[in-house]
Amino acid sequence: MKSWNRFKNSYLLYSFKRDPVAILSFCVLSILVIISILAPVITPYNTYDSATFDIMDAETPPAWMEGGSKSFLLGTDIQGRDLLSTMIYGLRVSLLIGVGAVLFQALVGILVGLLSGYLGGKLDALLMRIADIQFSIPYLIVAIFTSAIFKLAFGVGRYAELAVPLLIIIIGMSEWPKYARTVRASVLGEKNKEYVEAARVIGISRWHIMYRHVLPNTLTPVLVISTIQVAEAVMSEAALSFLGLGMPITKPSLGSLIRAGFEYIFSGSWWITFFPGALLVIFILVILLLGDWLRDVLNPKLYKG
Amino acid sequence: MRHLLEVKDLEVKFALWFGELTAIDGISFTLDRGERLGIVGESGAGKSVTGFAIINLISKPGYISAGQILFEGQELNRLPEDEMRSIRGNRISMIFQDPMMTLNPVLTIGTQMIETVLAHENVSKSEAVDIALDKLKKVHIPSPEKRIHQYPHECSGGMRQRIVVAIALLTNPALIIADEPTTALDVTIQAEIMDLLLELCESEKMGLILITHDLGVVSQITEKVIVMYAGKIVESGATQSVVQDPKHPYTRGLLKAIPGIIPPGSRLYQIPGMMPNLTEIPQGCSFHPRCTISESICSTEVPALISKDQHHRMVACHMVK
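Protein sequences, first through last, are from chains H and U.
Note that this note's numbering numbers the first sequence so that position 192 is 192, with each residue one more than the last.
Note that this note's numbering numbers the second sequence so that position 268 is 268, with each residue one more than the last.
There's no promise every hint is true.
For lysine to aspartate or glutamate, the following EDC-like pairs were computed, each having C-alpha atoms within a straight-line distance of at most 20 Å [unchecked claim]:
hint, chain 1, residue 1, chain 2, residue 2
1, H, Lys2, U, Glu154
2, U, Lys138, U, Asp195
3, H, Lys193, U, Asp179
4, U, Lys60, H, Asp124
Think of the hints as simulated: they come from the structure by calculation, not from any bench.
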């Protein structure tokens, strides 16, 4: 109750209420997230069950077009799956991979950045060079190698089951240095402040100072880049899937849907690519807009003058 | 009786790329239980380094190169880090200059206090809260039950410094080192904090080392005073006698430099020149280039800190007889 009151009087809420773009983005994002979480409940078809769809329905156009069917609002894809349901499931996969990859990145990156910034010295040099090396390898190459090795090791058959954790790790591994560098930079700024010195003088151990005193003071930039990173991870996943390195078509993400439809775009079945593409754009756009708003709110220099 | 704190020939050096700087050059002093000592000097005289040396927290590249620090019979500069940590903040507390900076902005006052208690004492969380409330009352914070849930930015500067003092008191230390505790505060709050420190030292029988550049403050609350210049003690003794009858020309300069009420338009006194950079400490008496009474011996021979009368007055000056 107390924290609710604190939240109710906070600048965060105040500025949120006065920013129509933020409100709109937040609403759209919440709807998309809720829909994708509730996918099995609200979608008309279970697209993961091949018994529920019929190849004869393939490439049915959206309901309002000629040849459209009432039972497939946005038409069907090349396998006869209801496109709307497939998209919702696809969004779910994209969201899962995006959030999962960001959590992975943040976990690794914050840990590395904190240790590197707070302890400094040789460890700092070592960890930051590893981050540089990681940064200099394009994630596409990592993805190609990893999935090739993976398919070799576990067989192509198991790829569909393990694609989600695999993609989380691939995207997470390629982006953690961003967190590490951001956190390290803030830690370097914070660790020389007097409250850290005061904590040392009080006799608190360095680990405790590190996670209890320094870490919370470095989280503002982490919060801001996290929003951008979620958008970026979703896009990376879509790009990988588009290139055929991501989610298999039996369990499509938005990216693999776009790719699957892409081949049919000139034969007139534009909807298979268009609707997932539009959903991806909207999804990324609202995340980025919210991220912009959050960055402005969390930067005291912008409103305190 | 054994002294609470005894510093013997303490020497602190900073290892830099071009060689070593001597920040503190062989200082010695003692402090008894409940005694209040002032360390006075300009910026860069080594006052704060002395404070940090006592709790063995000199940051790299500095280190204690010689000397002994005896606290309650233990040699602090030889203690391993984990034992030292149980003394720091427990038997010896430190108060810093800027209360805006010494409290963590993202934690409530209560959290920071409880954390300190739990770091040193084997008590439950609710007992820790009681201790925190009790200490907040001791430093005259109104409605501590409310304050304990607030964040540092919700308190005024004087309030924050009192909270910092309360944190220093949490574990009933035997010694408090206050490093310019009132420099960042305005004059009325300054007096309030000083009165508070004085009162607490008397009621809790705590030793106090007050590090400051303000001889006025020192004369109000300390019993003994050390005047430092370029890492050395130039004069020491009972505060009253030093303030009323300064012997060393540097102490005299410092006392004259306290602004009093002067006719409008007239100049304030200042000691000519600047404290030398530690890389270029002059030969002989390090104060001689700025001294008004120096003679040729001053630029060649380092004056020893010797007693010039019977009241434990020590002065390091060739010219004082």
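Checklist entry - Quick one, are Lys2 of chain H and Glu154 of chain U close enough, alpha carbons at most 20 Å? => result holds, 16 Å
Checklist entry - Regarding the pair Lys193 of chain H and Asp179 of chain U, is the alpha-carbon distance no greater than 20 Å? => result With Cα atoms ~16 Å apart, Lys193 of chain H and Asp179 of chain U stay inside 20 Å; holds.
Next on the checklist: Between the alpha carbons of Lys138 of chain U and Asp195 of chain U, is the straight-line distance 20 Å or under?
Outcome noted: Given pair Lys138 of chain U, Asp195 of chain U holds - Cα atoms ~12 Å apart, limit 20 Å.
Checklist entry - Does the alpha-carbon distance linking Lys60 of chain U and Asp124 of chain H stay inside the 20 Å limit? => result Given pair Lys60 of chain U, Asp124 of chain H holds - Cα atoms ~17 Å apart, limit 20 Å.
Violated hints are absent here; each numbered hint is respected by the structure.
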